[in-house]
Each structure stands twice: as C-alpha cells, then as structure tokens.
Amino acid sequence: MMTPELGVCYYPEHWDEAVWKVDAQRMAECGLTWVRIGEFAWSQLEPEPDRMEFDWLDRALDILGSAGLKVILGTPTATPPRWMLDKWPDMLPVGEDGRMRRFGSRRHYCFSHRGYLSECRRIAELLGRRYGQHPYVHAWQIDNEYGCHDTALSYSDSALEGFRIWLQQRYQSISALNRAWGNAFWSMDYDSFDQIELPNLTVTEPNPAHTVDFRRFSSDQVVAFNKVQVDALRPLTDRPLLHNYMGRQLGFDHFRTGRDLDIAGWDSYPIGFLSDRLDASESDKLRFLRQGDPDCQAFHHDLYRAVGDGRWWVMEQQPGPVNWAPWNPAPLPGMVRLWTWEALAHGAEAVCYFRWRQAPFGQEQNHAGLLRPDGAPAEALAEAKKVAEELSELDPLQPIQAPVALIFDYESAWVIDTQPQGADFSYFGLVFDAYRALRRAGLSVDILSPDAALDSYRLVLAPGLAVFGQNLKARLAEHSGTVILGPRTGSRTPNVSIPLPLPPAVPGLDCQVDFVESLPPASRIPLEGGGSFIRWAESISGAASAIIRTESGHPALAGSQSLAYLAGWPDHGGWDRIIHWACESQGLEAHSLPQGLRMRDTAQYQFVFNYSPETTEWNGLRIPPAGVMRHPHRQKADGT
Amino acid sequence: MMTPELGVCYYPEHWDEAVWKVDAQRMAECGLTWVRIGEFAWSQLEPEPDRMEFDWLDRALDILGSAGLKVILGTPTATPPRWMLDKWPDMLPVGEDGRMRRFGSRRHYCFSHRGYLSECRRIAELLGRRYGQHPYVHAWQIDNEYGCHDTALSYSDSALEGFRIWLQQRYQSISALNRAWGNAFWSMDYDSFDQIELPNLTVTEPNPAHTVDFRRFSSDQVVAFNKVQVDALRPLTDRPLLHNYMGRQLGFDHFRTGRDLDIAGWDSYPIGFLSDRLDASESDKLRFLRQGDPDCQAFHHDLYRAVGDGRWWVMEQQPGPVNWAPWNPAPLPGMVRLWTWEALAHGAEAVCYFRWRQAPFGQEQNHAGLLRPDGAPAEALAEAKKVAEELSELDPLQPIQAPVALIFDYESAWVIDTQPQGADFSYFGLVFDAYRALRRAGLSVDILSPDAALDSYRLVLAPGLAVFGQNLKARLAEHSGTVILGPRTGSRTPNVSIPLPLPPAVPGLDCQVDFVESLPPASRIPLEGGGSFIRWAESISGAASAIIRTESGHPALAGSQSLAYLAGWPDHGGWDRIIHWACESQGLEAHSLPQGLRMRDTAQYQFVFNYSPETTEWNGLRIPPAGVMRHPHRQKADGT
Amino acid sequence: MMTPELGVCYYPEHWDEAVWKVDAQRMAECGLTWVRIGEFAWSQLEPEPDRMEFDWLDRALDILGSAGLKVILGTPTATPPRWMLDKWPDMLPVGEDGRMRRFGSRRHYCFSHRGYLSECRRIAELLGRRYGQHPYVHAWQIDNEYGCHDTALSYSDSALEGFRIWLQQRYQSISALNRAWGNAFWSMDYDSFDQIELPNLTVTEPNPAHTVDFRRFSSDQVVAFNKVQVDALRPLTDRPLLHNYMGRQLGFDHFRTGRDLDIAGWDSYPIGFLSDRLDASESDKLRFLRQGDPDCQAFHHDLYRAVGDGRWWVMEQQPGPVNWAPWNPAPLPGMVRLWTWEALAHGAEAVCYFRWRQAPFGQEQNHAGLLRPDGAPAEALAEAKKVAEELSELDPLQPIQAPVALIFDYESAWVIDTQPQGADFSYFGLVFDAYRALRRAGLSVDILSPDAALDSYRLVLAPGLAVFGQNLKARLAEHSGTVILGPRTGSRTPNVSIPLPLPPAVPGLDCQVDFVESLPPASRIPLEGGGSFIRWAESISGAASAIIRTESGHPALAGSQSLAYLAGWPDHGGWDRIIHWACESQGLEAHSLPQGLRMRDTAQYQFVFNYSPETTEWNGLRIPPAGVMRHPHRQKADGT
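Protein chains in written order, with my numbering: chain D, 1 to 640; chain Z, 1 to 640; chain E, 1 to 640.
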C-alpha cells in the first residue's frame, strides 16, 4: 500500500533551457512528485541516424531530479524522426482505403514493420543503457497511446506478410483454415496461405472469421511491438515499465500488453471523451458538458486496474479545455480536483496532469496545461495543489475488492464490431451501460478479464461476451454469487461461427437463444413492470423461469438467483431493475443515486462525487457541484 | 395456368452429406416442391482449374430428386474461386473511387472482362452438358443478384476499353458524339474515341450525356454477360432459365435481360428493404418495422411479372430476421404467410424461401432460415407449411389484367439519377409513390415497360418518364383510357438534353413546362382543395385546363380525362386526390383503404392483406394483424 | 461616377450562327449594354494545338458590337481542351485523397503546373494580339471562378515541388522553418526542404503551421496564375481586366489577385448560396427559400468593392432556378429586380445576368437564363428590362463611405479553418453574423482588407481576425471611432502559434484571453440583459471594464467606447445589443429592422429592400414582397 502521488507531463525540449529549473521548482511547490518526459523527443535525441544527443536530457533529468521530482522516462517510438523514412520508406501505416499515410503528425508507423521494430529495440536499448540505473529515473513509459488515431490496424504489405505467417501458425494447413472460416460459403476457399489478402476493399463484407483473425493478428502485433521494448529495457533497468493507454481504445488486447508491463497508465480526458466517443443522450451530453460522463473515468480506472493487475496510474489527466474533440468546453471549477479524487478512490498510484505548460505551437496549442503558454497559472494548477495538500493530510487509501465483477473482453469487442447486426450495437456501449447502472446503484465494481479469478464476487456480469470460453463457462456455472449472462454471451465460437448447441449453453441454465433481432432507435420492447429493451432483443426458450418478462410475455431475464440470462439490451430503467433484483438476491445494498451523484468505496472510506452542475442533496448530505465527500463507512461525511 | 408452388434455397455443400436425405424429406413434408442449389459452389465444383468435381452434386441431385423435389440449378458465376484471379488478375471490379476491389466476399468480377466471360461460358457449358437433361433439374438460375452491392458499374480498364468501342458503335464518328453530347459546352470536345474516359473522378460533375451513356453501356454489359450463359445453356437444356433479381436494383435494364430468360425471379426481403432502401416517414418505418412496407413487395411482383413477361417467381423470400440491413427485426408472426400469399395473389408461379437452414458460418450467419442452425424448426417453417396446405386446397389462381398500368423505365431512372436537380429526387421514389397511392385506392396494377402494349388499361400513369419515346408518346396520346403524364415526363431527349419544343409535347395536350424547381424537405406547395406538392414543382402554361390548382392558382394537374399532365410531386393527400379523380373519370371503384390494409384481385378472388400491427376493420371485415382474407369478387370474405 | 449598366453572359459557340443577330438585337432591346463571351471556348478557338479559329469569334464580336453591345472577352483557361492533356498529362489537379482528377468537366488544371501556365500565357497573348484593340471589346475577364469546386488546393507533384521552393524562399534555412513551425513538437523536424510533403494523408492532423503555409502557397499560386495572364494582356490592351469571383470562396486571397486587376466581378446566386453554403436556421432557410439570404449579396458586394478598390461588377446574376444547389427553387417574382437594385445601391458598375439563353445540353441544362431553351422569354427577362428602364430615368448613383468598417482577412480564415477548435466554427460565419447584425440595424458597411486605410469610420469591427498585424493593431488602437475586436482576434502569430503576451495585446485595452472554449450547438452562455454566446466563449481578465457580462458575471464585452473586446460568438440577440451599444457610443442611428427588410445608402438615396415573402410595414412604409423603395435621405419613399 502506497500513498498515491501527483505528477505532470513535461517536454523540456519545447522550452528554453533557462526555464527548466523554475519549472521544476514550481512543480515541486505544487506538490507534484512525478514528471514524465522524453516520449516524443526522438528527433532531439537522435537528430541524425546514430548521432545521439543525450546531453540535454542529462541536464533535464538533473534539474528535475534535483528539485525532488521522480522522472518517468518515455521511449520516443510514437514519433520516429523524418530521417527514419529514408531508411524504411515502407514503415508507414496504410489505411483501410489502401492509402499509405504520411509523415507530419504522429504514430506514423506500422506495428508489423520489422525494420522499424529493430529501430525501436535500438533506441530502447540506448536509452536503457544510459538511463536504466539513473537515480532520477523512477519509471519508464513505452511509446504513447497505442492504437490512437485508429493505428492498431494497418493494411500494409508488412501486415499482409505477417498475417499470412500468423495464419499459417494458427491453422497449420490451408484446409484447416478453410474449414475454420467456413469458406465453403460463397466459394471463398483458398489453395494456399499466399492467396489470402487483408480483409479490406472487398466488394461486400468479408468473411467475419477473416476480419476477426486480422483483428487478433493486429492485436498480437501491438503486443509484440511492446514486448520488443520491454525485452530491451528489462536487462538494463529495474524500474517499473508502463504504457499510457487511451480511453475507449479497443484496437488491441490491453490485458496482453499489460502482462508484459508493471503498471497500466491511462489517459483520462473526461470532457473530450463525452464529446467524441461516448454514447449518451443529448440531454446528458449537455448536462455533463463540463464534467464529463459520470462513469467513464471510473470505468477506465476499474479496467486499467485489471490491466495493470492492481497497479495503475492516470498518466494524463485533462486539466482544462483540450484541442481534439468536436467541441472543447472548459471544465466546471472543481472538476479537475474531482477527477483526481475519483482516480485516487479507485486506487490510482499516481495521477499526472497533461501537461505542465500549454504549448503555443504545434498541433496541441489549444490544449490547456497547468500553466498557460505564458507561464501564468491556468485554472487547474490550484486544484492540483489542493489535491496534493489533501493527500498529504490523509492516510494511504487502501483498496478493497468490490462486491461486483464485470467481465470485459477485447476479442468479444472485435467479434461484435465485425458483425454488429444492428448499426448502433457496440460491445463497449453495452458493457458500459451495465457499468453505469451498477454505478447508479452506488456499487463499486471490479472489471475482470475473462480468465481472471472470480474470487468471492457477489455479483458477476458478462454482457455481450460473444466468445465465451469453456473454462470461464464452467467457472461461472459454479460461481456462488449471482451471475448474469447475456445478451449475446457465448454467441460465437472462437472461429466466429454460431456454436452448436445454441448459446448460451451453460450448465445449470436451461435456456437457449432461438433467434435475435436488432431494433432501430425509435423502437423499443417494453418490459412488464417498467423499463424496456432497446437496440437488441433475443427470443429465448427453455425451462429457465422468467424473472422479468416483456409486456408481450416473453422472458427478458430468465434463470435463477445463481445464474440468469438477459435476453436484450435494457434501457436505463430496465438496467436499474435488473441490478436491484440482483442486489436483493445477494443482500447487497443498492442505492438509487440522484443524477450525477456517484460513490466509490475504499477500505476506510466511502467517497461521494457530484458530477452534476447543481448542489445535490442525498441521504442528508448537500454536495456542491464538483463536490467530493469522503466519510468513513456508514458514517456522515466529513468534508466537501 | 399452373398451380403455384413453394420452394427453398439449399446449399448441400455447407452440410455434412449425412444430413442431405433428412433435409430433403423434411422439405417435402413441409409441402415444398422446389429446391435451388449450386449457385455459389464454383470452388466445390472446380477446386482447381479444369479439375471438375461433379460427384457430390450428382449425389445431392439424386437425394433431392428422389424425395420428390424439383431442382433449380444455379450457375456459380457470382462467386469465382480464388484461383480464377491467378488467371485473370484484372477481372476484379473497380469502384467509382478508382480502387480495384478484392477477393473475399462475392460478385468480385467486372461484367466487361472478356476473360471472365469466357470462364462463365465454360462453366455454364460444363454444367449444361452434365445436367441439361437431368431428370431432377427442372430449371436453371444464372448467376445471382446482378448489380447487388453496386456492381453493375465498374470503372475498370476492361470497362473503359469496352465503353470506347460501345461509343464508337453508337455514334460512328467523334464529331457525332461531340454534337450529341453537346461538348461545345465547357470545351469538352474530343478528337477521338480513345480520349474518352470513364465519367468518374472529374473535378465537378461530368457531362450528363457522358454519364448516362456509361450507364447504358454498363447495362448492356450485364445483358451481354447474362446472354453468354443463356447461349451456352440453351442448346443443352430445354428447362426454363431464370435470374433472381434484387429489390430496388436499378443498375441495369431488367426488361432486356428478361427477354433472354424464361422466368423472372426476384428476392423479396420486406423488412430489410424497409430498413435500408425505401423512402418512408419515420412513423411508417416504425409502424411497419416487422411487416415491411405494405407496397414494396407488390410493386416488385408487378414489376417482375412484366420483366418475366408473365412468368415470375419469388426466388428468395425472407423467412425471419436477416443480417444485412442497418437494423434487423424479426417479422410479426404471420407475415411470412402474408408475404407468400401476396406474391401468389400477384401471380407468382413459385415462392422459395431463403434459406433452408441458417448457416452458422460465413457472412450470413445471422440470416434466418426455415430451420435454425441446429436444425430445429425456425418460426417460418410452420407458416410455410400452412401456406402449402392452404394452396393444396385451392383452385389454381388465375391472373387477370389490372385496370391500371404504370410505366417503368430504367433509362429514365439513370437520367434522373444523373441530374436529379433536387437532392432527394429519385425516379424510383416518384413511381413508387404513385404505386402506393394506387394501392391505397385498392387498385390492382400492372407495371409496363415503355414499349409494352397498352392494351385496354383504363388508367395509365407515366410519372418521371424522362426519356419519352415518340412511339409511346403517340400511343399514349391515342389511348382510350385516362393517361397521366408528368412530372418530368419527356424532359430529356435520348441524348440527355432538353427537347425542343419543350416537354411534354404530346399531341392533344396543349401544355408545356416553362421551368422546374426542386424543393427542400421542409417546403411544400399546397394544392387548392387539399394535398401538396413536395420536392418538385413545374410551372406549366398552355391552353390545357387546370383540373387541380395550387393554392396560388397555378395549374397542378392540367388537361382532360383522356390526357393530363401532373406538374409536381404530390404528397400522400395530393396523390389520393389525383387517383380518385382518375378513377372517377373512368368509373373505376377507388377505395380509401385503412392504413396498412391492401387488396389484390385475381380472376376468382379478391385478396385482402393486413400489414398493420393491429386488427383492422374495413367494409364489415375484421382482419387480424398479418391477416390474409380471400373472397370471391363482390362477396364477403371466407377466411383469415 | 458612371451610370451603372446591365449585361448578360452569352455563348455564341452554343448556338447556330443564324440566331446571333436576333439575340444581339433582343439584348439591346432589353436595355442590356454589356455582353460577356468566350470564357469557355478554348476548344472552339484552338481545336488542335496551334491551329487557331478566330473567324467565328470575329463574326460574333461584329454582330454583338454592331447591335450596340460592349463585349467582355473571357480568356478560356478554366476549360483547357482535351488535347492539352496529351501535352501535359500531369497538369490535372490532385485531390486531398491523393487521386488525380480527370478531364470531362471544368477547372481541370493545377495552378502550380508550369506547362499549363505557359499555355495560358500563350492563349492570352494570342487573344490580346487579335482583340486587344478591338473596337467592340471593352473589357477582359481572365479565367472563370478561381477556386470553385475546391480547386484552389491541389495535392499534385507540381504543387509539392512549388511548395518546397516557396518554403525555401520564405524560411531560407530548414532550421528556421523547424523553429517557425515548432517542429520540436512530436519530433517533426526536417533535415532539408526536400523532405517536406504536402499536408494531406497524415495519420492525424498535421502541424497547423504546415497546413497554413500550404494554404498561403496555394493562394500565391492563384495570384501568380492570374498575373501571368494579366502580364500577357497588359501590353496588348488598354481595356480593364477583371475576374469573376465566386461567392463564399476562401481558397485564396482575393485582395491580392484584385491588386493586379482593374475591376472585381463576382457571381451572385442568392438562392443557390442559401441552399448550399450559408449557415442559417432552418426557419430562415424556409422563409428566404425564394429570395436568398437578405445579407449574403450585400456582404459580397461590400467585399468585392474592397477587392476591386471601388470598381466592381456582378458578373453573373442568378435569373431563375439554378442546377447546382441541393435544392433549386425559383425566385419569388420581383427578386431578380431586387437583387439587381441591391447591387446597384452598393455601387456596382454593371450587373450581368447569367445567362442569355438556357442551354439545353451539358452540365447546366437546368440553369435558367433570361430566355428559355426555346428562345421564349423566361421570367427574369421582364425584370431585367424593368431595371434597365428604371436606371435610364435615374441620375447616376453616387457611392458614399459607410459609417461602419468590417475587416475581412483570408489568412485568418485559413488559420481558423485549420484549427477551428469547434466543429462548427467558421471565420466566414463569424464575420457574416457580425455583418448581418449591422444590416439589421440598417447600417451601410464597408468591408476592408487588414491593410486598408481606416479613414474616418465611426465603427470598426475585426471579429476573428486571428492573424492581427502589428501595423493594424497600432492603427486600431489609435482609431478615433469605436473599435470592437474579438473573439479570436490576434490569437495567432504569423507562424500560427499562440502569441506572447497573450492576445489581444492591444495598447489601450487592458485585457487578455486566459482560455477559450468551444460549445456544441445545444449549449449557450446567456448574457446579462439578453442574448447569449453560442459556439465560442473566452475567459478574459484584466482591468478593462465589462460593458456586457455573462449571467455568471464574466465579462462578455470589455473595454471602452474607443476600444472593446468581444469574448465570444454572440447569437442574434447578443449581436444586436453590441451593435446598438456601439452605435449609441458614436451617435449613429441604429434601427431594428423588421425581418427581411434591409437598407442601403448612396449619396442621394436611401434604398429599402424587402426580402420577406410578405408585405412589410416599417416607419410608415408598406413594402410589398420583393419590393424596392428608394427615397432621398431623411425623406419619404417615392416608389416601390
């Protein structure tokens, strides 16, 4: 158990060296202890091939470390310098449209390119050799935001070559592949692995097995890319290695990169995400315009706690308006503090703000920092400082296992994304809606990978877990708490076909999905007693008794308090009923929190956060907008 | 006059051979008599170039035929095997974006490719030779769904080469082409046919004459492609040849392929079409979510009756949720029966369900069949069986000529699609709105090609018939019933220019279009007495007297009970007035059917169909949702 | 001071020579005095390389001139003939998608192509030599609608080559470029100019400095292209040279092409522009469907008066429905007259209608003319004739300097377009909203380039002037009237970075922008006392006193009656308050005109125009729809 700390992202190469020292002192004075540097500095570190310039970094480390700051050193592999393209002209990623992308921004590399991989190994080794034991380097970040800007998938020649080898290894023979993919359909059989192309630019949709295998391959490429640098650094340093993942990024399996790293960092931009990547009603988008979705941060905190096997950071915390969302409003005063505390309450070891000083040049010049471009304090600086002070007065926060587990699976996301069957069906959206309902009930949640231990969770949910392994199936069937499967759970085999017997096919649950249907936005299927199914409904049969029915009498939730199947995508009201039923089954206390109010438990405390723009009363408390309350369990709040 | 029959689409190559016999027996038990096979099985029939494997097909035919089923054998040319690309790497279609498409789905060929044409001739001959006189092969299907997935147009080198030759044959000299196209405009003159390119990727829109000629050329390529297989099969078989057309597919002239075939099949997906290709109000889309548009099926039945010169089938009938529309709800119980009866009432010789058993693999694994993937009956099986039973108790249905003719012309569709002049102006949409109004009035309709005989139709409509041949013009002017032209009828010459004198220029109708205007969705021009023009209005002048006027006094419908011109696109209310006026002119009975109720006459019976989700009362009848009533003309109903 | 005249665009090459004479006589009879010809006739003038055919043009000039018409002769460089591509296959423009465009429409050339430039010089010289002193050629038009169809930007190899040279000239050394662009960000440093590519097809957004420099370069290419023809013609003719600019075309700096020309023409399509390129509420789009936006024409008149340094024409005036907007309704009767008078009241020397006779062939066959395709008068002919008659009875209109100046800057448009920071933030839209508010207040406005003299304007607005030169800044700070800056004024340096000190940094205005935010459409920030900020708000600090505040107390407009800063994008109500405050500060009369009513002052007259579809009462006047009233200042109207 560690006391969590605060930090910041810093780019010494953007500023006159004269200001570094002042910056370092101001960071320390603000109560920040971590500083991340170096992640995009390849052209400063190696201005020409093999001509290294480490001096400036030496000096920066010295100045920062001398001020008492601990440095996270980034490998600069997300931004290869321009000269790299002279060595490897074909290292650039290729879009689904078949066009090679160009130099001039970032992430301009293909994960499959062997030549670029060797360059990454080289720069990681050079950095590791020089700084692996450096007294001020306390952690390493590898690359930056894998998969961001849709870069997990590249349709390059390198990818094609790699994909063919990957398929050969997976299937051994082309006839095995033809069988596995069901290539008898539409005469899609191949005679050799060399005939297989990437699944873009087909006349109509390609075989979903083809697409999903390409998603798996592409994920493996990210894992391997990361591993190359891990392997280069491990012998040279004993400091923890981490990566900063991006929110709602499903391009690769984070659990698998996570296994090779020590800490999972993630980059939390609550307002940007609500604007550009979350499903929410127009009224919620307006209500939470300056606060972000009340559950998005918590969801990712819980996810990355799992990815990091307990050790996780917020590597980049939004401190003000950003530059990249369709619209970029400023946070409500107090929200930077609230977001920080939400992370801490979820067990973050560190929360680092991105970035120290707003850059007046380049792509992100409209991205706020803790300082304005002229060095004056921006709004967030005081809030960061306040959290630092509050932290210093607090005992270390002790995480606890949550009563509820929610299973999250990247492979299922790829399967559903490949054949959503309804234009607005998103695996992430379904799981996130379940999570939101759990939060509205005031529950703390652990997110689990499909092969994580189920421990003693009172409630386990596995919505949309399309690929449902036999092992997990057996464990869930025997689990002692309440398990809720569906919709779509177990709907595909690993070869992306419909399993026989029909899903969910779980021991102890006499129920099967007869057929499924997707529904357009204006349509809904009302449930008896309140709430509706939206987007998706399944017709199920079997002896499992209906716990909730649709108004026309079909089972909507069927089974028992041990194991139940949910036959559709519930709306807000539907989810609330299901969660309350499950909590009642388990004797768990389920709240009905006011809109925008959220809770999170640590061992000692219950935290209450107010995401709404008004003072909110609840349970005798009056919580101001952006308010954070913390009180010992079962007791009254002791602060705002 | 034949008794209509039911059938099913089957893919023996998808299933273990052991199950074929059981499948065949179950089909027969259900009352199905036709089974279509083979259409996508090229890689099973010819796994390597020139190595044929007919044995499995022999056995499948034997098993199906022995069970009493009649086989429609498909040529597999919609899915060339992967090895074909090694022989003809440039046979793939090229999109409007100039990108060649890839192997990995279906319809991956360019209609203009000479090499692929020779392959199609070869496989058709091989099949014809082996199965042309086979006792169980009772019909042939050529290819599958020409034009589906936007494949009628290909911007390939083969197409370019063919297009230049086609132009040379049409215009003989480049100066004739320059004159015909009006290339004096914008200095677009060509010096030789070799300079002409395909009309994609221009800076702004290309010459409409250029585009329309490319549409004509592309249509001719489809006709020629089909003809190659017809010519290969004719000497080898005396069984009827057919093609299964796709709904709302305007990429080529179906009347012209139809002339080379014996039967027109079409693939009817009522729910999919309402979701992905029909204009309908949001409230109608919701109301008919599980039933499909009440007029879409009937329209295509009437269209393909014309394409097949009286002989037509539903080759693929939707039996449950499909996989390919944006949203895919399940049919209301009873709709599969209703759809089947609507087809039969329109004179279908056969209705085949697609498909027998839902495939658990490949692109269409979410497409329902009569059986579930595990072989258990799906919802539709019982409905198909019920229709089979009902059919067996019924005298053969005797078609009659409808009192109303609606002219449909693919060339006019291309002309209007090339220069719609209003973003939401669609030729199909205009004709379909006219058809809907005729159906709301309870009328049976025949759809005619522009050169079909006009017979003794009491009412003839030719809305949007942009290219209006002199021959038809003369015949319509002399026709004894009520003829309604317009809007846009006769608005373009065959060279896609404005004719002089100005349209419609029909003898006996003293009226001309002075100018036209298109209207955005929020705008309308009210008609005196009810209804409005939407989308389109024309200012007409001349001595023809106004039958209906706009509220500002301009003629909206002008002329006489013999020949009238409609000067805009009426809304629902406007169309109803026009149809009722025309019926009154002709002493035809025009109903005002309740929403969702539709009728169709055969010689003996009047059928009434209820597409609405509620029981509907009309004329003393109470018709349940999805209800089908059939009663002798002028009598009370005898069943539901 | 000249008496303004009317004219028309004519294409003799489209018509049988026999009709030319009649056409010329009818033009003259209508009161037209100008006729533009030749602009797209290259293939008629030079059917083969170097084989000139001037005879037809000689005859056309003779016929037109003999009828008393003055000819504007166009250079045909917007439509190079097909044979040109055999000489210069790479002269075609390349889209942002990297695809080369094709022959078959117009504007199919890249401004950067040296070979095509030499052809343009050649044809201009040939024309200049033959017609430079021709008695009937009274003016020259160079090319047609630069930048239309998004052609100002081309991503061709010629452009790439030119861009590298342009950058080298601008920055001299690559390290200077790296510094200026801030390439330390994301390791974007270049080692040489040869490494720089065009800013398309990057993984995520390119450096804004890179993009803006490409916009500047592209604008310079247009200026240079135009200059080549100017330089070719000047020695050969003493007649004025002009170009016909397109509405809302921001692809290049019109002020800079304007300096090389004598007259600025522009092409005014009020109904087309409202449909396809203006921001307006749905209700306004409906209300002004047949009239066009009440301010769009006036805005461009004022803009092109500045571009032409006082000498400007409407070169193409919409006379009826056009063919190119999403929807193309017909004008309300009277609007062609109203639009013409609005132009004359703004000081147009001539208004020419496009086109004489509607072409029955080619891309624009649905574009109305003064005559129908059959030569009969179209609706607009009588309105044109009426204006000609009215003009003949009127003293020459004497322009006056407006009391209000609005600064317009193409470079700022590029900067904001490159990083709008809010999805719906448009520089043009912001300036136009300011203009609309000035018009609602009944004010006449002069639009100024940033380096124009500020003279004695009582009110100067510079909204969104992102790049705010030191010279202008100093002049505005000292200006004696009321100056309103902001939002975003001065927010970027010429190198497209955030300036230090923070903006607006104007002497005499103690105020700075602390941070900015963009707002989605549903969001607004109410102002105390009425009106709101929409889309954009800035948090400002400093001693400048708040003139208007937001409801939460932040300054919305701050400063003094001399110099104020506007910290957001006001809505209709907000702008009205600001304009009325400014007018009050200056003792200027500010009206609150009824919706659709607009005014414009000349030295002698006040014109009142009614753009609304109903008779409108105001100030004792009753003005019919499309009505134009003209009365001596401060007196009652004398006509409708």
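Be aware that a few hints might be false.
You can't tell identical chains apart in this list, so a pair holds if it fits in one copy or across any two.
[Unchecked claim] Below, simulated EDC-like cross-link-like pairs (lysine to aspartate or glutamate); rule was C-alpha separation at most 20 Å, straight line: (1) K227 x D262; (2) K473 x D510; (3) K285 x D424; (4) K386 x E125; (5) K385 x D97.
Derived by calculation from the structure, the hints in this document are not laboratory data.
A quick note: this is a predicted structure, and the numbers were derived from the prediction, not measured.
Right, here's what the structure says about each hint:
no. : hint        : in the structure
1   : K227 x D262 : within (12 Å within a copy, 64 Å between copies)
2   : K473 x D510 : within (14 Å within a copy, 68 Å between copies)
3   : K285 x D424 : both (18 Å within a copy, 17 Å between copies)
4   : K386 x E125 : neither (39 Å within a copy, 74 Å between copies)
5   : K385 x D97  : neither (47 Å within a copy, 47 Å between copies)
Taken one by one, the earlier hints fail for this structure at numbers 4, 5, listed in ascending order.
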